[in-house]
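32 is the number of the first residue of the sequence shown in our numbering; add one for each residue after it.
No lab work stands behind these hints: they were computed from the structure. Watch out, some of these pointers could steer you wrong.
Said to hold, decoys possible - The calculated label-pair distances, taken between Cβ atoms and stated as ranges, are: (1) L76 x I54: 41 to 47 Å; (2) N114 x E89: 54 to 60 Å; (3) G84 x A51: 49 to 55 Å; (4) W33 x K104: 23 to 29 Å; (5) E80 x K104: 23 to 29 Å; (6) K75 x K127: 37 to 43 Å; (7) N114 x S83: 39 to 45 Å; (8) K127 x E72: 52 to 58 Å.
To be verified - List time: in silico DMTMM-like cross-link candidates among lysine to aspartate or glutamate, alpha-carbon distance up to 20 Å: (9) K101 x E72; (10) K91 x E80; (11) K132 x E74; (12) K136 x E80; (13) K116 x E80; (14) K104 x E80; (15) K58 x E89; (16) K132 x E100; (17) K112 x D66; (18) K91 x E71; (19) K82 x E71; (20) K91 x D66; (21) K91 x E72; (22) K58 x E135; (23) K61 x E80; (24) K61 x E111; (25) K104 x E131; (26) K82 x D66; (27) K75 x E94; (28) K104 x E135.
On a predicted model such as this, the values are computed, not experimentally measured, just so you know. Beta carbons: idealized from backbone N, C-alpha and C, even for Gly.
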Amino acid sequence: MWTVALIVLAFTIYSFYTWAFLIRHRKIIKYIERDISILEEREKLFKREVKSGNSLVEGKYKEILSLLEKARKEYYSEVEKFNRKLRSPIFFLPAKLFGEKPIEKID
Numbered sequence: 032m033w034t035v036a037l038i039v040l041a042f043t044i045y046s047f048y049t050w051a052f053l054i055r056h057r058k059i060i061k062y063i064e065r066d067i068s069i070l071e072e073r074e075k076l077f078k079r080e081v082k083s084g085n086s087l088v089e090g091k092y093k094e095i096l097s098l099l100e101k102a103r104k105e106y107y108s109e110v111e112k113f114n115r116k117l118r119s120p121i122f123f124l125p126a127k128l129f130g131e132k133p134i135e136k137i138d
């Protein structure tokens, strides 16, 4: 009887631990998405200024472009990690149990 209770308890702890890990990854991806949207807005503003002939913001514009490129690379790698973990045997059962779905990449 005790062994069954311990097995159920261990599976419950394992499920919640892995689920919390997946939620943490999903939050990280949401933060990166938010950063990308903010950088895209800034890029539009600085692009308009550069096109109008303001040479003072050219350096800042290039910096924003490089940050945007880094954020997109980080986003794609995090989405790949998350989707790989959903398919892995360790995370497969808790992911199915809690209804986690793979994340589709945004462009």
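Hint by hint, here is what the structure shows:
{"no.": "1", "hint": "L76 x I54: 41 to 47 Å", "in the structure": "34 Å, violated"}
{"no.": "2", "hint": "N114 x E89: 54 to 60 Å", "in the structure": "38 Å, violated"}
{"no.": "3", "hint": "G84 x A51: 49 to 55 Å", "in the structure": "52 Å, holds"}
{"no.": "4", "hint": "W33 x K104: 23 to 29 Å", "in the structure": "50 Å, violated"}
{"no.": "5", "hint": "E80 x K104: 23 to 29 Å", "in the structure": "26 Å, holds"}
{"no.": "6", "hint": "K75 x K127: 37 to 43 Å", "in the structure": "41 Å, holds"}
{"no.": "7", "hint": "N114 x S83: 39 to 45 Å", "in the structure": "42 Å, holds"}
{"no.": "8", "hint": "K127 x E72: 52 to 58 Å", "in the structure": "38 Å, violated"}
{"no.": "9", "hint": "K101 x E72", "in the structure": "16 Å, holds"}
{"no.": "10", "hint": "K91 x E80", "in the structure": "11 Å, holds"}
{"no.": "11", "hint": "K132 x E74", "in the structure": "32 Å, violated"}
{"no.": "12", "hint": "K136 x E80", "in the structure": "30 Å, violated"}
{"no.": "13", "hint": "K116 x E80", "in the structure": "43 Å, violated"}
{"no.": "14", "hint": "K104 x E80", "in the structure": "26 Å, violated"}
{"no.": "15", "hint": "K58 x E89", "in the structure": "33 Å, violated"}
{"no.": "16", "hint": "K132 x E100", "in the structure": "26 Å, violated"}
{"no.": "17", "hint": "K112 x D66", "in the structure": "19 Å, holds"}
{"no.": "18", "hint": "K91 x E71", "in the structure": "13 Å, holds"}
{"no.": "19", "hint": "K82 x E71", "in the structure": "16 Å, holds"}
{"no.": "20", "hint": "K91 x D66", "in the structure": "17 Å, holds"}
{"no.": "21", "hint": "K91 x E72", "in the structure": "14 Å, holds"}
{"no.": "22", "hint": "K58 x E135", "in the structure": "15 Å, holds"}
{"no.": "23", "hint": "K61 x E80", "in the structure": "29 Å, violated"}
{"no.": "24", "hint": "K61 x E111", "in the structure": "14 Å, holds"}
{"no.": "25", "hint": "K104 x E131", "in the structure": "23 Å, violated"}
{"no.": "26", "hint": "K82 x D66", "in the structure": "24 Å, violated"}
{"no.": "27", "hint": "K75 x E94", "in the structure": "13 Å, holds"}
{"no.": "28", "hint": "K104 x E135", "in the structure": "15 Å, holds"}
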